[in-house]
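Undergrad: These are the residues of each chain, in order.
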Amino acid sequence: MITFEQDPYQTPRTSPVTETEEAPEIGLTQTGALMETIIEEAEAKAEEEAAPEATEETDVEGRALNAFCKEHMAYFHKGNLRSGMSLEYDGTIVILGDVNPGAQVKATGNILVLGALKGIAHAGCLGEPEAYVFALNMNPIQLRIGELITRFPDGERSKSLKNPEYAYVEDGIVYVSAFE
Amino acid sequence: MGEVIVITSGKGGVGKTTTSANLGCGLAISGKKVALVDADIGLRNLDVVMGLENRIVYDLVDVVEGNCKLKSALIKDKRYAGLFLLPAAQTRDKDAVSPEQMQKLCQSLKDEGFDYIIIDCPAGIEQGFKNAIAGADRALVVTTPEVSAVRDADRIIGLLEANELPNPSLILNRLRIDMVKKGEMMSIEDVTEILAVDILGVVPDDESIVITTNKGEPAVTDENSKAGQAYRNITRRIMGEDVPLMNLETEETFMDKLKKFFRRS
Amino acid sequence: MAFDIFGFFKKKEPASGSVAKDRLKLVLVHDRVDCSSQVLEMLKGDIIKVISNYMEIDEEELDINITQTENEDHNGTVPVLYANIPIKSMHRSAPKED
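Residue numbers (numbering that gives the first Met the number 0), protein chains in the order written: chain A, 0 to 179; chain B, 0 to 264; chain C, 0 to 97.
The following block holds chain A by itself, in its conformation from the complex (with noise of 0.2 Å):
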């Protein structure tokens, strides 16, 4: 497990929860919360991009997962996102490409990029902590979570890692974990 170094430049905004008065400054308003509970990561990958009501049997986690997905729909993106491009969304994005240096993806739910994560993505963008990143090949410039907005420490991921990982956040800390 990587954890991801806070920034210690950019403080007023890079630093955990404990300064979430800086958030307006975004330019969005805080609508509530938009996930019950966290689940699995590999449940919510495979769901996701499943039909929303796909599983009728599974526990509370999923039943949320559920709830979440009829609010918030999947946004899909065919294609790679080059420098200066950028994709906002109200839910949930997947993108069937690479995002490059420079681009940015936004939503206010999960990011499952199945390619390269090179650019920034911010998934939670109102706010919510427990939205997660998923990336097949994760190196991204900068990765924003809820209010939280981490970098890998420098010269930390300059080899091209080919294993599919996803970050979350616990305890105020975005980690950044194989996925498996």
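Hints listed in this document are in silico derivations from the structure and should not be mistaken for laboratory results.
Just so you know, not all the hints are guaranteed correct.
When the alpha-carbon atoms are kept at most 27 Å apart in a straight line, the in silico BS3-like pairs for lysine-lysine are as follows [said to hold, decoys possible]:
#1 181(B) / 24(C)
#2 43(C) / 24(C)
#3 10(B) / 24(C)
Model the placement of chains B and C on the given structure of chain A, informed by the hints.
TA: Same frame as chain A, now just chains B and C:
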């Protein structure tokens, strides 16, 4: 009272961004408080040249649109205490900002107590150029000893004069003294004669620029780099010191002497 | 190649540096003038007005522009105002004073 210096050229690829980064760093090394402003909205690059691309949260457009405070958009450099970068927006275009807003921005940066505000101007003579020069007190024109670059520099100098920025000074970039000696490249004198402006500095063509840019560390920080030395000299001239143009001559090899001997006869 | 054996026998061509300089000077004469095409238009109007006082000219065929010519010392070029003004007929008398 701070001074706003715009780095411009007309033609792209002559080294505006490299020059901006190096002069910014050079001035910061000398203990000045410096703001580097990337005015190339939509095609930002100063952040990668400075190696600060992963710290950007807010940008210039966010500041002028009032989405965030100026202070929160300024990125503190990882090397020098007095150096800050205001990055350009990448997902917007030049029309997102007006010359009036840029003037206001420059004034607020002066009010923040910056000694030097260096604006990296986009290539071209359109909106982006007009924005970049709007708040400037002084202009530096970067050119290379090539017909295309010098021609564009001439046009830019004319436009600067028309916009009440007279007497811009010139930075001649990527000069290859060996080629000048052979008569295969325009010399410093050729260029200054044609453009009829003061020369602030000459930067030799130097591999170390490529290497340092790859690493995101401006060449001015490299003691052994010739281009870095040239930028250090320019920095001192900006601060008002009288520094002679550096000697670009390299040691003559035996082969050079031999060649010269044959050419003379 | 260590040194230019063949160049040694060839007729000396001007070095590309000075070619560049000369070409650039020529281009800039045009560039700098192009900035004031409005002025040229005004100048044209004024010339027509003045000359028409003395002779009848063909305004359609009138051609005014700025080019360059070799200077007196034959070592460079200077910009010149070139005007081709076809005369239709001379006015017999001096212009009337109104």
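Undergrad: Give a verdict on every hint.
TA: Comparing the hints with the structure gives:
Note on residue 181(B) and residue 24(C): the hinted pairing holds, with a Cα-Cα distance of about 21 Å set against a maximum of 27 Å. The suggested pairing of residue 43(C) with residue 24(C) holds, with an alpha-carbon distance near 25 Å, which does not exceed 27 Å. The hinted pair formed by residue 10(B) and residue 24(C) meets the criterion: a straight-line CA distance of about 18 Å does not exceed 27 Å.
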